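Colleague: First to last, the sequence lines map onto chains A and B. 1159 is the number of the first residue of the first sequence in this note's numbering; add one for each residue after it. 4 is the number of the first residue of the second sequence in this note's numbering; add one for each residue after it.
Any given hint might turn out to be false.
Taking beta-carbon pairs under 10 Å as the criterion, some of the chain B residues facing chain A (in silico) [unchecked claim]:
no.: 1; residue: Pro10
no.: 2; residue: Pro56
no.: 3; residue: Phe57
no.: 4; residue: Asn59
no.: 5; residue: Tyr61
no.: 6; residue: Asp66
no.: 7; residue: Arg68
no.: 8; residue: Arg70
no.: 9; residue: Asp74
no.: 10; residue: Ile84
no.: 11; residue: Leu86
no.: 12; residue: Ala88
Heads up, incomplete: computed chain B residues facing chain A, CB under 10 Å, no partners named [unchecked claim]:
no.: 13; residue: Thr69
no.: 14; residue: Asp71
no.: 15; residue: Pro76
Derived from the structure by calculation, the hints contain no laboratory data. Only a predicted model underlies this, so the values are computations on that prediction, with no experimental measurement involved. Glycine included, every Cβ here is placed at the ideal spot set by N, Cα and C.
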Amino acid sequence: MVASSLLDLIGDTPLVELRHLSPPGRTIYAKLEGQNPTGSIKDRVALAMVEAAQLEPGQELLEPTSGNTGISLALVAKLKGLKLTCVMPANATAERRALLELYGATIIESPAEQGTNGSVRLAQEIAQREPRYAMLFQYANEANPRAHYEGTGAEIARELERVDAFVAGLGTGGTLMGAGRRLRAAFPDVQVVAAEPMPGDLVMGLRSLDDGYVPPVLDVSQLDRKLLVSGEEAAAGARELLNREGIFAGVSAGAIVHIARRVAAELPEGAVVACVLADGGWKYLSAPFWHGEELDEGKLWW
Amino acid sequence: MINVRIPPVLRPEAGGAREIEAQGANVRELLEDLQARLPELGDRVYNGSEIRPFVNVYVDGEDVRTRDGLDTPLRTGSTVILLPAMAGGC
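Please put together the full structure from these sequences, using the hints given.
Modeller: What follows is the structure in structure tokens.
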């Protein structure tokens, strides 16, 4: 395969059967989003949002993010000749900051104690005050679920003849809403299942909504099930993916696999479950759980 | 008896407890039991007719909003988790 741009290699990720983790008589297929150019599913979202943005000449991109979305946007911006500024909490890890800067993004710090919500607020203030910035804002951008309707979901519907349940992580809601809607069109009885990580330091990128923010992209009434995963279960899932299937994936992928196995076991024999592993394990190498050590009590709630 | 797990942000309303016991055949009865015994905690979660919008209630790990809501049945030994609503996405 020869591509004329790295952007042409976004999406069309492979599905692989989890032969060792599927319950007897059921089949779980995992979509390996870590194989996108920057190593996460957010490449799809970044490309769709930038292509849908109606930028005035000279306008720059702005996004509150310290994670995968920022890295994906930085790649897309670079290849499209655009400038990107990311707003992130001052205490975001050095690796995340360094990676964004290496890709050419500018960083604005928001107060550490205000967390991700503080980044969102500051980015909104800047975008309002300075018209040279266009904020894409994945939480409310219609191109986010559309990328999964036209990409992630359509690819699964094309490759599999039967899908009884679809399991993905609950972040912005983009994957579940977009791919869920596309799969429901192909398989009317499919259960759309959200795996929701328990808040805590271990599952990075979560933002607290206790100040009342719910992503406009997310419509909980479109979910058939919403299941909670603890940090320990997510870590065990990531270890099992690596040890038994050879898949080196991130913490949220561990959470997804935990839920996919539970859902598959509850479905009748012959059932097919498709799930989305959002990124590879590289950004979590320094996390303490790969060897099965006890998790730091301070990072767990119970 | 049903075990109810309390997240750090709600522990002040539960006298600092990480986990408490409560009773009820379904989620509505359980929340009414909490309201009667720990009114501050109960009021953060339940307004008397529905679960407050930015709180999620889980029975055995599943959000009751995708089950039968307040009518979701409880069994002895069930674990109920109360959490503020969250989202992620980096």
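Colleague: Work down the list of hints and note, for each, if the structure agrees.
Modeller: These are the hints, each one checked on the structure:
With 10 Å as the threshold, the beta carbon of Pro10 of chain B comes within range of chain A, its nearest partner Cβ sitting at about 6 Å, so the hint holds. Look at Pro56 of chain B: its Cβ gets to within about 8 Å of chain A, closer than 10 Å, so that hint holds up. A cut of 10 Å between beta carbons decides the hint on Phe57 of chain B: the least distance to chain A is about 5 Å, and the hint holds. Satisfaction of the interface hint for Asn59 of chain B is found here, the shortest Cβ-Cβ separation to chain A being roughly 8 Å, below the 10 Å cut-off.
Given hint, Tyr61 of chain B at the interface with chain A, holds; its Cβ is 5 Å from that chain's nearest Cβ, closer than 10 Å. Hint on Asp66 of chain B holds. Least Cβ distance to chain A is approximately 4 Å, under the 10 Å limit. For the restraint placing Arg68 of chain B at the interface with chain A, the shortest Cβ-Cβ distance is roughly 6 Å, inside the 10 Å limit, so the hint holds. Among the interface hints, the one on Arg70 of chain B holds; its C-beta lies about 8 Å from the nearest C-beta in chain A, closer than the 10 Å criterion.
The interface hint given for Asp74 of chain B is violated, since its Cβ lies 17 Å from the closest Cβ of chain A, which is over the 10 Å cut-off. Because the smallest distance between the Cβ of Ile84 of chain B and any Cβ of chain A comes to about 6 Å, under 10 Å, the interface hint for this residue holds. Using the Cβ-Cβ criterion of 10 Å, the hint placing Leu86 of chain B at the interface with chain A is satisfied: the shortest such distance is roughly 7 Å. A distance limit of 10 Å between C-beta atoms decides the matter here; for Ala88 of chain B the minimum to chain A is near 5 Å, and the interface restraint holds.
A hinted interface residue such as Thr69 of chain B counts as satisfied when its beta carbon comes closer than 10 Å to some beta carbon of chain A; here the least separation is about 5 Å, so the hint holds. The beta carbon of Asp71 of chain B is not positioned within 10 Å of any beta carbon in chain A (closest approach about 12 Å), and the interface hint is therefore violated. For Pro76 of chain B, the suggested interface contact is broken, since its CB lies about 16 Å from the closest CB of chain A, more than 10 Å.
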